[in-house]
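Novice: As a plain string of letters, each chain reads:
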Amino acid sequence: MIGDGILKGLAETARNFFGSYVSKERLTTVQYPEEKLPQIESSRNFPFLVYDGAEWDAGMRCVACQICEKECPPKCIFIEKSKDKKPDAVGKPQFYPARFDIDISVCMSCQICVEVCPFDAIKMDVQFDLPTDDRFGGLMLDRHKLAKSNEYYHEIHPTEASAVDAALDAERAKAAAAKAAAAAPKPAASAATGTAAPPQPPAASTPKASEGEAK
Amino acid sequence: MTSPEPGHEERLLEISMGPQHPSTHGVFRMNVVLDGERVVRLKPVFGYLHRNHEKIAENETYLGSMPYTDRLDYICSLTNNWGYALAVEKLAGITVPERAEYLRVITAELTRLLNHAALLGFLLQDMGASGTPLMYAFREREKILDLFESLTGARMMCNYMRFGGCRVDTPAGWLDQARKVVADFPRFLDEFEKLLVTNEILMERTQGVGVLSRELAISSAISGPMARASGLNYDIRKVDGYGIYPRFSFRVPLGSHGDIYDRYMIRFLEMRESLKILEQALREIPDGPIIDPKSKPRGFRPKPGECYGRIEGPKGELGFYLISDGSPNPYRYRVRPPSLINLTVLEDLCLGHNVADVVVILGSVDIVLGEVDR
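Residue numbers (our numbering), protein chains in the order written: chain A, 1 to 215; chain B, 1001 to 1374.
I should point out that these hints are in silico values taken from the structure, not numbers from a laboratory. Virtual Cβ for every residue (Gly too), placed ideally from N, Cα, C.
Each computed PhoX-like pair below joins lysine-lysine, with the alpha-carbon atoms no more than 25 Å apart:
#  : chain 1 : residue 1 : chain 2 : residue 2
1  : B       : Lys1055   : A       : Lys75
2  : B       : Lys1180   : A       : Lys24
3  : B       : Lys1296   : A       : Lys174
4  : B       : Lys1180   : B       : Lys1194
5  : B       : Lys1194   : A       : Lys8
6  : B       : Lys1194   : A       : Lys24
7  : A       : Lys70     : A       : Lys145
8  : A       : Lys148    : A       : Lys83
9  : A       : Lys70     : A       : Lys92
10 : A       : Lys70     : B       : Lys1303
11 : A       : Lys70     : A       : Lys85
12 : B       : Lys1296   : A       : Lys70
13 : A       : Lys174    : A       : Lys85
14 : B       : Lys1294   : B       : Lys1090
15 : A       : Lys92     : A       : Lys179
16 : B       : Lys1090   : B       : Lys1296
17 : A       : Lys81     : A       : Lys92
18 : B       : Lys1180   : A       : Lys36
19 : B       : Lys1296   : A       : Lys75
20 : A       : Lys85     : A       : Lys179
21 : A       : Lys36     : A       : Lys148
22 : A       : Lys70     : B       : Lys1055
23 : A       : Lys81     : A       : Lys148
24 : B       : Lys1143   : A       : Lys24
25 : B       : Lys1294   : A       : Lys70
26 : A       : Lys36     : B       : Lys1143
If you want a taste of the chain B side facing chain A, the calculated C-beta under 10 Å gives, among others:
#  : residue
27 : Ile1056
28 : Leu1063
29 : Tyr1068
30 : Phe1192
31 : Leu1195
Generate coordinates for the entire structure from the input sequences, incorporating the hints supplied.
Specialist: Here it is in structure tokens:
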């Protein structure tokens, strides 16, 4: 009979319309500003710089190696290396970024900077409400705005952060063991190799274990 | 039928459809010459979304182009990733671990579901079924996008595949979540088919309209669902058997008329076949590494040579042609975009039909302007 198909389709619309009153499956709308969906853990947005300890300036893991600047596909990272050195997360004296800017109007959130970073210093943020009325200065994030604590990193990406911490702890232990080994049996060798006997890291070695969570 | 009556040439009306017309799926313009309501000539104008993808890629490292491929066909970023990764792997002779191959198949087939669901919604919207089918389609698409976000970190710009595998392993519970989405999907398909497939108005509007003959499809290198709707049995998953597709049992649906209705139906049938592949892949996925341990993100320099890697994207044959001169950047990088090549027959499909049919025919071709213009 002609008109059959139309009626069948209308029955389907009716089922969805009335179903939306009883079934969550059929009414998936979320009233956004009042109600928000839970954050998905691995979601990513723009990069930020991780620092250990309490002071963003002293604890910054970045050593200004400029690999991310080179590898960034849209070239949105601008780094200036410092003239002096400070101890990094493992305790070795390293340069630090005197200037570290990310132009988030150019950034395309590909996270290649995160993949190439050998120091686990740059990670992806989840914050997405970044509107500003200044489209040049407001979207050019400097190193102070980019710096976020390791605790914040744990909050947004717990699994990933625990794995990173476990790896860093292992590295610190290895560095400490190497130092001990170098210092104990052959003091002469140590004197020969290391004029750079590293000073104690101030706040870098805050141990955050929980290795069980690491993948 | 296609030429104006003699003496009436001066009465032809030339109109410009697009580039900001909502039915043009982006920024696409058509110069349509009309005799009354009938289309006499149609000239597509594109390039509004040209972003110099291929030239930029020559100045990027091989990995640096991977996030740009997301932006080709921005509805199906994961298949674009796969096409590019496949070409580079062929160029450099990298092998892919078992689990990564399964993850690639799973994400690619989910992308196919997502693309076809979105396309059917848009196509029905173009025909005037405003809103409702599109909302139903997008409700299902959202579930798949959630899966993508929890796996890759982004809903649409996934940047997931790497040369020799995938970037991250699945988070805890992801496979179960994917199994649930796949198990629920047939219900949506049943409902969606009931909604409009047997609708008399839709059949009147689409059957016998925009017919693409098998011969024309072959001679114009049409690929993907559009070619299969014309009865051309050509699916690169079967022909090349790239990845691990030969392990899965699935069929290639074929149309017989090549009209809009066939192109509409073929997408339903392909989604059902994709679900079959997904069920098998999600059942058999092994544990193991997800990336070749030799593959590093930095310092990748393939040996001089050239290669063409292609996959069956949701829209057709997506190919990447690369020439390496041994440096970290490709010497030449070229994309074979299925959208653009399927679009070349638009005038042949539209001639003699009403101007309102042009919108529907364009919708059934399934283009994304990011890929047409690159």
